Amino acid sequence: MRKTNSPKKKTSVTVVHSLQEYEDRQISGSLEEVDAIIEEALGGTEDLSVRKFLIFGQHRAIMYGFSHMVNHVMINEAIMRPLMQPPYHLQGRSIPVEELADVLLQETLYHDDVSKENNVAALLRALLGGESVIVVEGLGEALLVGSRNIDKRGIEQPATEQVIRGPREGFIESLDTNLSLIRYRLQSAELRVEMRDIGRRTKSKVAVCYMEGITDPKLVEELDRRLDQIDIDGVLDSGYLEQFIEDHKWSPFPQVQYTERPDKIVANLLEGRLAIMVDGSPLALVVPTVFNQFYQTVEDYTERFLLMSAIRLARLVALVFSLVFPSLYVAIISFNPELIPTEFAVAVAGGRAGVPFPAVVEVLIMEVSMEVLREATIRLPQQVGGALSIVGVLVIGQAAVSAGFASPITVVIIALTTIGSFATPAYNAALALRLLRFPLIIMAGVFGLYGIMIGLIVIVNHLLSLKSFGVPYLSPFVPGDYNGLKDLLIRGPLGKMKRRPAFLNPQDTTKLAGTDDESGESEKGLPPLETTRPSPS
Amino acid sequence: MGNTNERPITMLQTATILVSTLIGVGVLPLPLFAVRAADSAAPFVTMLGIGFASISLLLLTWLGIRFPKETIFEYSNRIIGKWLGTVGTLLVILFFAILTSLAAREFGEVVVTSVLKSTPVEVTVIVMLVLAAISTRKPLTLFAYMHNFYFPWLLVPVVLISILSLNNAEIVNLQPIIWSHPQKVFIGTLTIAALFQGSFVITVIIPSMRKPQKAMRASIIGILIAGGLYLVIVSASVGVFGAEEIKKLLWPTLELAKATSLPANVLERLDAAFLAVWVTAVFTTLLSSYFLTLYALKQLFKMQDHRVFSFILLPFVFFMAMLPQNVTHLYGVIEDVGRIGLVITTAYPAVLALLAFVRKKRGESDG
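Heads up: the sequence lines are chains A and B, in that order.
Sequential numbering of the first sequence, starting at 1, is according to this note's numbering.
Sequential numbering of the second sequence, starting at 1, is according to this note's numbering.
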């Protein structure tokens, strides 16, 4: 955050259609003028529907709307019908034009989302966002009708974050639906949603959510500041924003977490984090992010703590494996074969007998081909993907060994590493470790175990120096935070995690009722049997 | 945002800084030093050394608490005057630069002798030094974080190896616990105490501590853990090998690792693995002495940032590291420099403390 890029304001001068020239214009009440303005601004695009009609049979009016974004049924029933055929109580009344706006708004339209607007730029923006604009001859204000209706897919299971025990809903592209998914889980007066538009041309709606009274207000300010500085033409996914608000652009490690699970967002909001959502993206961002979030899953909290602690440890082992396993293999084979038991060393040497390359070259070749295979399986259409993985596993693996290209042990090592990297729940963190594996293999090839340690020290020092929105990346391990430590390597019992982790600087630290008695009372666990049912307060 | 506290370092962090600074490459030849001084009474000599070292650490801590907002380079000017204070600071800079280079060279030799047999020692030394130089370019908070992070990795191998070696240990090897040559014991005590000189780093930590009054507790915890580990290693080595055998070994701790194997033969020998983990221990030690040198330079020139010096200093340190001709010469130099260094790390603070006490100087107390 220290090295913020100064926004390049000069580019916006050259943008012609940024609606800036309409910023100060008001509509005058002449239909011809409005028509000319819209024609000029939108260039006669053909998906704009222009409907001319008479209000109550006496006032000339035009309704504009992008025909593919508008809910036609609603417009016909709730807007057009009462406008063309005056409702019962208005029949026979002659309404002068100066009263017309109020009469329309208060007595005529059967729709909840209608407002008055006279600024041309605002009208155009609303029009582009899918609302309908009704302009009436002689009226200095236009009516904005919230008629937006975009087709969206249904709420499905999150594809990348599946759980066995836990909610099955995932975010979809529509921001409104996503916000409703959050609000329905977090029916709290403290939940705040701040909306803004980012993207000079796309005007993407961005929502920032946080809990008033829990989230550190300085974090909210800082996020606002960073979002304000973004000046890009289009934001097509939350990933665009991530790259503008992160602290260290040159680090391989992700400093912002993304998720498509509403329950995860709610849990993070309750811990004192902020969520950022972009209209059109099913992935919400969470800041500040610390490293331990990348190997935790929602399930850790829904299943009982003992089992999930063990599974979390397994995941951590997989994470470390995916980083150092191949380099350890290279170092031990090339420099310190005496470390492993003799029988095994002999077996390894036998397997490697026909392989012409040194271990480091062999492992690098296999790693690179593994990366190619993996990338290919992601890109291929599903029907072919299965076939390719069979080809990959059988042909490449088996044939490479029998061709004397790689030793069987190497294939095992590479396979373990690859599977280990899939066990990391967060794709972006797994990606970082996958990338760092290569320099480590090379270091192991040059300096053996010594090289691996040097490499790891460099990586750890880098991790220690990272910060996400001012929060040290390895919190709560370093700097130590007692309440956070309960949820680091293992997941402590929910009943014991009474306070929110302090590294997020929450305004309200109490998570569990009855935390204030710090005495031994709480250590005794459940209350006596007669009162086992915990009262809700 | 977050804790942008100006005094962020806690008591526990200070203790971990001390421990990981003190545990370093010096542990490898430690049993040899101790045995040379007193044969089977080696653990006893080690205890004497620890006692001597704790006196100097406690003196420094006492001074630090008396001047809770200043480092030794600042309050020395106030106690003994600007000129003498500057001379003292210069001596400290010189000594810790030498200490850095010797530690780097020593570990370079260890690596070249035991694992990377065909790598030139220059390469291993420069790799360690560059690593330390890059890492010292970070602020003091991060310096504390690094020590904090690596601290657990120091305890595991030492404790593991000591426990596993109990299999082969003979209590007879540790008897008699009495020595015969007081003069040799005295020199041995000094040599061992010299291994604790890294604790001088406490003087730059105290001004950044959240509660400087707690520095004394941190020092005591630090010296107890580090001293305890030293004692465990010496006892284990002497117990396994016996005094006479150790005299023939250059790095008895490493041999101890070599002689131990994990249960069920998962790893047949532990020396290479031990050495690999020990890279972190050496790294933290180097980091501390290098950082101390840079910090002293910064305060000598009254600069805002210590970073500029980290790479300027590197060639000099590397050059000094390459001066000793071979391992034997190196250890001669290490022992001599260490004992001379005690003048700087113990006698100098003692004089400062005495004068501060007599002249009733004290820093502004923490507000």
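Calculated from the structure, these hints are not laboratory results.
This structure is a prediction, so every number in the text was calculated from the model and none was measured.
Backbone N, C-alpha and C define an ideal beta-carbon position, used for all residues, glycine too.
Just to be clear, a hint being listed does not mean it is correct.
Some chain A residues near chain B, calculated using beta-carbon distances under 8 Å [said to hold, decoys possible]: (1) A376; (2) I454; (3) P479.
Here are the simulated DSSO-like pairs of lysine-lysine, each with C-alpha atoms no more than 27 Å apart in a straight line [what the hints assert, rightly or not]: (4) K211/B with K467/A; (5) K486/A with K258/B; (6) K214/B with K218/A.
Far from chain A, by Cβ distances over 12 Å, these chain B residues were calculated [as the list claims (entries may be wrong)]: (7) F52; (8) V112; (9) E170; (10) V282.
Verification of the supplied hints:
Interface restraint check for A376/A: the shortest CB-CB distance to chain B comes to about 36 Å, outside 8 Å, so the restraint is violated. Restraint check, I454/A versus chain B: the minimum CB separation of about 6 Å is within 8 Å; hint holds. Evaluation of the P479/A hint against chain B yields a held restraint, the C-beta minimum of about 6 Å falling below 8 Å. Between K211/B and K467/A the alpha-carbon distance is near 25 Å, which keeps this suggested pair within the 27 Å criterion.
As the CA atoms of K486/A and K258/B are separated by approximately 37 Å, the hinted pair breaks the 27 Å bound. Only pairs whose Cα atoms come within 27 Å are accepted, and K214/B paired with K218/A is rejected, the gap being roughly 30 Å. With a minimum CB-CB distance of about 32 Å to chain A, F52/B clears the 12 Å threshold, and the non-interface call stands. For V112/B, the non-interface assignment is contradicted: its Cβ lies about 10 Å from the closest Cβ of chain A, within the 12 Å cut-off.
With 12 Å as the threshold on Cβ separation, the claim that E170/B sits away from chain A holds: the shortest Cβ distance comes to roughly 26 Å. Non-interface status of V282/B relative to chain A is broken: a Cβ of that chain comes within 12 Å, the nearest being about 10 Å off.
The earlier numbered hints that this structure contradicts are 1, 5, 6, 8, 10.
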